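Chemist: Take a look at the letters that make up each chain.
2 protein chains.
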Amino acid sequence: MREVAEAASVSVATVSLVVNNKPDARIGAETRQRVRDAIRTLGYRPNALAKNLVSGGSRFIGLVTDAIATTPFAGQIIHGAQDEAWKHGYVLLIANIENNEDAEREAISMMLEHQVRGVLYSTWYHRAADVPAPLRETDVVLVNCYSPAADVRAVVPAEAQGGRTATELLLREGHRRIAIINTTTPSPAHDGRLRGYREALEAAGIEYDPALVFDAQPDQEGGYAVVEKVLAQSPTGVFCHNDRVAMGLYDGLRERGISVPRDLAVVGFDNQEVIAAHLRPPLTTVALPHYELGAAGVRVLLGVGEAPGAGRLEIECPAVVRSSVGPAL
Amino acid sequence: MREVAEAASVSVATVSLVVNNKPDARIGAETRQRVRDAIRTLGYRPNALAKNLVSGGSRFIGLVTDAIATTPFAGQIIHGAQDEAWKHGYVLLIANIENNEDAEREAISMMLEHQVRGVLYSTWYHRAADVPAPLRETDVVLVNCYSPAADVRAVVPAEAQGGRTATELLLREGHRRIAIINTTTPSPAHDGRLRGYREALEAAGIEYDPALVFDAQPDQEGGYAVVEKVLAQSPTGVFCHNDRVAMGLYDGLRERGISVPRDLAVVGFDNQEVIAAHLRPPLTTVALPHYELGAAGVRVLLGVGEAPGAGRLEIECPAVVRSSVGPAL
DNA sequence: ACAGGATGCTAAAGCGTTTGAACAAATGGG
DNA sequence: CCCATTTGTTCAAACGCTTTAGCATCCTGT
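Chains as they are written, first to last, in this note's numbering: chain V, 2 to 330; chain S, 2 to 330.
These are calculated hints, taken from the structure and not from any lab test. Here the structure is a predicted model, which is why all the values come from computation and not from measurement. Fair warning: there could be bad hints in the mix.
[Unchecked claim] As a list, the in silico DSSO-like pairs of lysine-lysine whose alpha-carbon atoms are at most 30 Å apart:
#, chain 1, residue 1, chain 2, residue 2
1, S, K52, V, K88
2, S, K52, V, K23
3, V, K52, S, K230
4, V, K52, S, K23
[What the hints assert, rightly or not] A few chain S residues that face chain V, going by a derived Cβ cut-off under 7 Å, partial list only:
#, residue
5, R46
6, P47
7, A51
8, L54
9, G76
10, L93
11, L113
12, E114
13, S148
14, Q218
15, I276
16, H279
Note that the Cβ used here is the ideal one computed from N, Cα and C, for glycine as well.
Generate the whole structure from the sequences, applying the supplied hints.
Modeler: The structure is reproduced here in structure tokens:
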């Protein structure tokens, strides 16, 4: 900067004013141009570190995740957070801590030392989570998880609405006998989606029948294993807890010569692209809005747009219609 | 820091020396303890920004990717890079530029302004890439792509070795008539894997038969569409260009009552977990080492461990054995 | 011709660290 | 008992930038 100042024969103060385009800075047009030229010819770049130092805070937002690796979802959260942060002039500082206490402590320290504007703490599946104590030193927003004590702002998928949407996908094609294959473990996903299912049925004036509710491991094997029992109840539509379960269901159905969607309509959940889009027929499902979770997390942190003072902000799970739901016979 | 200094009644210089544990600093044990206590009770954290300012450079490594969103792979690259960076005391600054020129320029500016130690420029599939001019201002390592001019260090998957490995997976079970379903578009993957296939055959003393080489769109539809033609050549094993092709192949085979691996052995490529692990039977495949690409990228950038002065460092593609390859009849 | 207000620019302090030189006190050797 | 070390600690400059107060000029109207 000093070099630029010298080249343009002005003071560094002037250069600063020009670089930052200060609205109320009175700089002559000619001088301004001279500085601009000097900047160009010298290839000057401001030093963000120094800038942040003097301004007190930085333009960093920390993102700590518990598993970038194990799931394709985390990528989406990062992506959403990064886009939104970018939009507001912030940069993402990421750290992932594969359930490693020390790594977590270190990561958080690092972020605090870099004077982050705040931290997004995200998990790869929707669950309760404790906020590590040191994070209290800064702004925190939980993403895809929530504090049981509800004392920290959180952004989570709207499981119940998702369950409702999934069920409505079947209802609106005339299905009245709709099974749900839920997961075995209690969780926001388990409870919320079931609740949505029941709400949708009720709204359609259909009585809830516990016999149509099945539990299965939330993966392909689970879906495959439960086929017989599901068919025994002769539903015309099935809402699967996730796409992998639907994948297993497909396998079982195929073996029995049962055609999707002609003989049985199937709806998944998660919208795991590689699975849902490539099954035959392509799977109609409900998406977990990971990108939006990341983006909304940043918005909440920055206090722009929708903002729950505390408590959870629920992000809609949109329907993704493909070809696995047809009209009820 | 000043507060700590006052609390411990020493100078800030002393505090600095204690905090950084300077090896050749002569500080009395008692003073040292006093400072430590003050730090603890005041909850002092050093300001990384200031530290970096004075030290000249920062502990940032930039990672720019062309698509975090669209693929589960990018997550792995990030993860590998982040772990390795961490290990050396660096933090990742990420930016992704969904083929948006402006975003790219901005992202790079941002990184340079933050005085990054260097930048990893990564693509989501292995290809040639031009290094954006401004990146020349800093250290760059290409990850999963390479500069045609070979003037920039690059880390890429060893496609040929991967093709060889895939083929050997079949050879060692006694298969002699092995088909390859390659992709239609020329690319490092196309050429390298085919080369590996030929090398493996040659090493096994099997003559290369062009009739066993098929081209197909590199997705499920492609694999499904080519089944008939492949079967017409009655191979006992098939090496698919990727797992999605294998997925399509599975579909076609199932329709024809052909059992994997009993009637036909199948090997995929990419090791796309959600697909490969969940197909029935689970797919034996060769993994693209995305995690390692990220990690190796950082090592090359930092000049630790294996380091090609220039040119490409090839990372091994390991076999992932599941159940889709059985002995040849 | 001159007060008063714009206009254009700069000086200098400060942001939180690091670091080499400098200083003071204690110790050891002869 | 004095000089030379060693030991413990501080001074002050520097890092690259922002920002406020202030100093010159130059207009404008009277």
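Chemist: Against each hint, give a clear statement of whether it holds in the structure.
Modeler: Quick rundown of the hints versus the structure:
The hinted pair formed by K52 (chain S) and K88 (chain V) meets the criterion: a straight-line CA distance of about 28 Å does not exceed 30 Å. Between K52 (chain S) and K23 (chain V) the CA atoms are separated by roughly 28 Å; this keeps the pair inside 30 Å, and the hint holds. About 64 Å separates the Cα atoms of K52 (chain V) and K230 (chain S), which puts this hinted pair outside 30 Å; it is violated. For the proposed pair K52 (chain V) and K23 (chain S), the alpha carbon gap of about 28 Å is at most 30 Å, so the pair holds.
Hint on R46 (chain S) holds. Least Cβ distance to chain V is approximately 5 Å, under the 7 Å limit. Below 7 Å, beta-carbon pairs count as interface contacts, and P47 (chain S) has one with chain V at about 6 Å; its hint therefore holds. Interface restraint check for A51 (chain S): the shortest CB-CB distance to chain V comes to about 5 Å, inside 7 Å, so the restraint holds. The interface hint given for L54 (chain S) holds, since its Cβ lies 5 Å from the closest Cβ of chain V, which is under the 7 Å cut-off.
Because the closest C-beta pair between G76 (chain S) and chain V is about 4 Å apart, less than 7 Å, the hint holds. Below 7 Å, beta-carbon pairs count as interface contacts, and L93 (chain S) has one with chain V at about 6 Å; its hint therefore holds. At its closest, the beta carbon of L113 (chain S) sits 5 Å from a beta carbon of chain V; the interface hint therefore holds under the 7 Å criterion. With a cut of 7 Å, the hint placing E114 (chain S) at the interface with chain V holds, because the nearest CB-to-CB distance is about 4 Å.
Because the smallest distance between the Cβ of S148 (chain S) and any Cβ of chain V comes to about 22 Å, over 7 Å, the interface hint for this residue is violated. Taking 7 Å as the C-beta contact cut-off toward chain V, the hint placing Q218 (chain S) at the interface is violated, the least distance being around 12 Å. With its C-beta approaching chain V no nearer than about 6 Å, I276 (chain S) sits inside the 7 Å limit, and its interface hint holds. A least Cβ separation of about 5 Å between H279 (chain S) and chain V falls short of the 7 Å threshold, and the interface hint therefore holds.
When held up to the earlier numbered hints, the structure conflicts with 3, 13 and 14 and fits the remainder.
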